[in-house]
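Number of protein chains: 2
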Amino acid sequence: MNLTAQQIAEFDVQGYLFLPGCFSEEEVGVLRAEAEKIYQTERQEVWREKTGAPRTAFAAHTYNEAFRLLAHHPRLVEPLRQFFGEGVYVHQFKINAKAAFEGDVWQWHQDYGTWARDDGMPEPRAMNISVFLDEVMPINGPLMFIPKSHKHGTLAAGHDKQTTSYPLWTLDKETVTRLAAEGGIVAPTGRPGSVLMFHGNLVHASPPNITPYPRKIVYLTLCAVSNHITKFTRPEWIAHRDFTPIDPVADDALLRYARSYRVAAE
Amino acid sequence: MNLTAQQIAEFDVQGYLFLPGCFSEEEVGVLRAEAEKIYQTERQEVWREKTGAPRTAFAAHTYNEAFRLLAHHPRLVEPLRQFFGEGVYVHQFKINAKAAFEGDVWQWHQDYGTWARDDGMPEPRAMNISVFLDEVMPINGPLMFIPKSHKHGTLAAGHDKQTTSYPLWTLDKETVTRLAAEGGIVAPTGRPGSVLMFHGNLVHASPPNITPYPRKIVYLTLCAVSNHITKFTRPEWIAHRDFTPIDPVADDALLRYARSYRVAAE
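Chains A and B, in that order, are what the protein sequence lines are.
Going by my numbering, the first residue of the first sequence is number 1, and it counts up by one from there.
Going by my numbering, the first residue of the second sequence is number 1, and it counts up by one from there.
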């Protein structure tokens, strides 16, 4: 899958691209089922909210076949190779739960702020791709973006280790207010299988989820190979150190896996 | 202002009525400005979030002229006299701040659960009327309702004194999940001056506000005079003990006050 010139121009202006229906329900169904199983395990890669509910599961592409296929999927990998003009590798892979009733806030931040400060990533030539596993609604803790905020470079941030169970480099209220006055705030919503690609410097957040509707999203971070990280302060399963360019699987690989999985389950 | 037969039928089925544009921007502007002034005072009636941001201000109708006019406004009082077939009095009056960045959650609850347990109100013949002072958006902590949940009577609840700075009788996750599977969840949004009337047993909540946009809403609780409370466990400025039926002001009283206020300010 390649992006059109219009999509690339829109990305450049707004800082994100929303691609509804990128994966079919058949493809997403197997990911959703596997994610729930992973959250029930006691692996070190599964982080929990202060309440004990799952918050995020790291590196599932290294130990789960369905997520391995997703991390190598051409619908995600090809557009990023197109953006960066070179091969890309997996810098981070996480499945954020935003569990029903218990999913906590992710405060306002830029992803590249963390990749630069914690991992020594040279440039913002890496990007998060989010794949909706559940329906994302206005009420169940959607991702919020400040359009155009990626044009401001890497902003000053403080390292918040208190608010949630996950340490994060967060922006202050004055900065967020100023950027939102310029770009507004959007919260793209849609069916499972929808995809959001957003610039490493795009300011975003997500509120707690107080509804009975879970809101699982995969975040696949792909980095240009020549821009690989240089500081290894976080565990390898949080900030990967294998900089081999991804060799994508076939476009129907996840679908075929989903069909065999369903047969096996029956 | 009287409700139509269709509006009354809709209220009976859904448990709430949404009346966009009930007050003009001229009328709402003075209320918004006065609310901000009240939040800056150190009165006992102003409760704060754990962070210190304002959470709610009680009883402003007893010491502020603009809010006195709102509590006596025929657009709010007449429909309730119509519902209950008798005079109504002010049981509670609060201005909830849901401050930018700091406004915290109100968990899933029924208002009548508190009025019955804490105040000995005999029947759910009282109702909250919310008046939007700011624009209520999907992203700034809107009120969420479970339509039709008012048909289930007063549900079992636990007294949560921990989660926020305000103690509340809250429903458990299983109950909310079951009711939402039946009625869904709605979050009416709209311009300042919009009004929501909802049944005392309608299950509702509101999420934290992590945006730069404040979301102030007045909650005027009107109770049928013959249904007045019988237990005085909360301060008089939280659960009022003056059961005199409201004698409404003229329909243009708030507008005239807003105009004189503006002149005085210039």
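Rather than coming from a laboratory, the hints here were simulated on the basis of the structure.
Watch out, some of these pointers could steer you wrong.
As the list claims (entries may be wrong) - No farther apart than 30 Å at their CA atoms in a straight line, the calculated lysine-lysine pairs in the DSS-like style are these:
1. A:K161 / B:K161
2. B:K173 / A:K37
3. A:K161 / A:K151
4. A:K161 / B:K37
5. B:K50 / A:K173
Note that this is a predicted model, so its numbers are computed, not measured.
To see whether the hints hold, each was checked on the structure:
1. A:K161 / B:K161: 25 Å, holds
2. B:K173 / A:K37: Holds: K173 (chain B) and K37 (chain A) sit about 21 Å apart, inside 30 Å.
3. A:K161 / A:K151: Holds, at roughly 27 Å.
4. A:K161 / B:K37: 34 Å, violated
5. B:K50 / A:K173: 17 Å, holds
Checked against the numbered hints given earlier, this structure breaks only hint 4.
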